[in-house]
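Each residue of the sequence shown is one higher than the one before, counting from 200 in my numbering.
FYI, nobody ran anything at the bench for these hints, they're computed from the structure.
Backbone N, C-alpha and C fix where the C-beta goes; we use that ideal spot for every residue, glycine too.
Some hints here could point you the wrong way.
Using C-beta positions, here's what the derived DEER-type ranges look like [stated by the list, open to error]: (1) 437 to 276: 23 to 31 Å; (2) 226 to 262: 47 to 55 Å; (3) 306 to 230: 51 to 59 Å; (4) 354 to 416: 27 to 35 Å; (5) 250 to 371: 51 to 59 Å; (6) 436 to 354: 22 to 30 Å; (7) 342 to 276: 34 to 42 Å; (8) 226 to 393: 43 to 51 Å; (9) 389 to 237: 43 to 51 Å; (10) 242 to 276: 19 to 27 Å; (11) 237 to 391: 49 to 57 Å.
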Amino acid sequence: MSNRDTDAPDTTCNGPDTTRPVTSKPRGICKYYNTSRGCYAGDGCKFLHGHAERLTPFDKSKTCRFYAAGWCRHGDKCWFVHAEPPKQSSSTPEQSQDLEEEEHLCTICYDQPVTYGLLSGCSHVFCLPCIKNWRGSEGKSSDILEAGTTKTCPMCRTTSRFVTPSSLYFADGDPRKAEAIDKYKSSMARVKCRYFERSSRKRFCPFGKDCFYKHENEDGTPYVFPHGVEYYMEVSCQRLKACNIRSDLCG
200 MSNRDTDAPD
210 TTCNGPDTTR
220 PVTSKPRGIC
230 KYYNTSRGCY
240 AGDGCKFLHG
250 HAERLTPFDK
260 SKTCRFYAAG
270 WCRHGDKCWF
280 VHAEPPKQSS
290 STPEQSQDLE
300 EEEHLCTICY
310 DQPVTYGLLS
320 GCSHVFCLPC
330 IKNWRGSEGK
340 SSDILEAGTT
350 KTCPMCRTTS
360 RFVTPSSLYF
370 ADGDPRKAEA
380 IDKYKSSMAR
390 VKCRYFERSS
400 RKRFCPFGKD
410 CFYKHENEDG
420 TPYVFPHGVE
430 YYMEVSCQRL
440 KACNIRSDLC
450 G
């Protein structure tokens, strides 16, 4: 379980030549790029197309392997091309074309997301900033937070205990969505849980054994909570109520 609900995408996400490093050493200046016949190698040319160029066409056209795997944390600031992997489908060419042309716009801001926020058990489309804002506690009353409304889909009210950032949109039931969620969980398991780390000697995390993040004892062994999010979230709500009562009495 995650404890942090962690623009149209630029399809050529290369940064300025002055900041992007050379990732493939040029073989010199291409003999053909400025001739009438042109360079037949195109984006695969490993020679420079101009004396002022630093990057070869081959280098410029490199795709981002993280985007292809499901999520690039650099978004539209990535140096590499964000291109979807080839689709494998049993649908007809006409159906495939319709699916490829379909725009998946955020249902809150109506922009096409750079990074999607995937909800479990729901196929509604959200960009990561919008859904994180919806699920966040800032500016919301304790009644709304205790009711758990913010942890549901804004459209269909399906409960989703976490958000998975993804460079690509996957509908619920798509095996690629499950794969993206599993990869995200695996990456988060290497990060220490901030709630656990901030707790006293009596360890606490509002997500308990359902937390995606690392719970580790001082000796490096895993710390395992006996209960999951439902139990510890109730404990958190009770603590919040107690704090509000003390604040009212002291105020």
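These are the hints, each one checked on the structure:
Distance hint check for residue 437 and residue 276: the Cβ-Cβ separation is about 42 Å, which falls outside the suggested range of 23 to 31 Å. Separated by about 21 Å at the C-beta atoms, residue 226 and residue 262 break the suggested range of 47 to 55 Å. For residue 306 and residue 230, the Cβ-Cβ distance of about 52 Å falls inside the hinted range of 51 to 59 Å, so the restraint holds. As the Cβ distance of residue 354 to residue 416 is approximately 42 Å, the hint placing it in 27 to 35 Å is violated.
In this structure the hint that residue 250 and residue 371 lie 51 to 59 Å apart at CB holds, the actual value being about 53 Å. Distance hint for residue 436 and residue 354: a CB-CB separation of about 25 Å, consistent with the stated range 22 to 30 Å. In this structure the supplied range 34 to 42 Å holds for residue 342 paired with residue 276, their Cβ-Cβ distance being about 39 Å. Remark: the range hint 43 to 51 Å for residue 226 to residue 393 is upheld by a beta-carbon distance near 48 Å.
Separation of residue 389 from residue 237 is about 48 Å and conforms to the stated range, judged on CB atoms against 43 to 51 Å. Residue 242 and residue 276 have their C-beta atoms about 22 Å apart, which keeps the hinted 19 to 27 Å range intact. Distance hint check for residue 237 and residue 391: the Cβ-Cβ separation is about 54 Å, which falls inside the suggested range of 49 to 57 Å.
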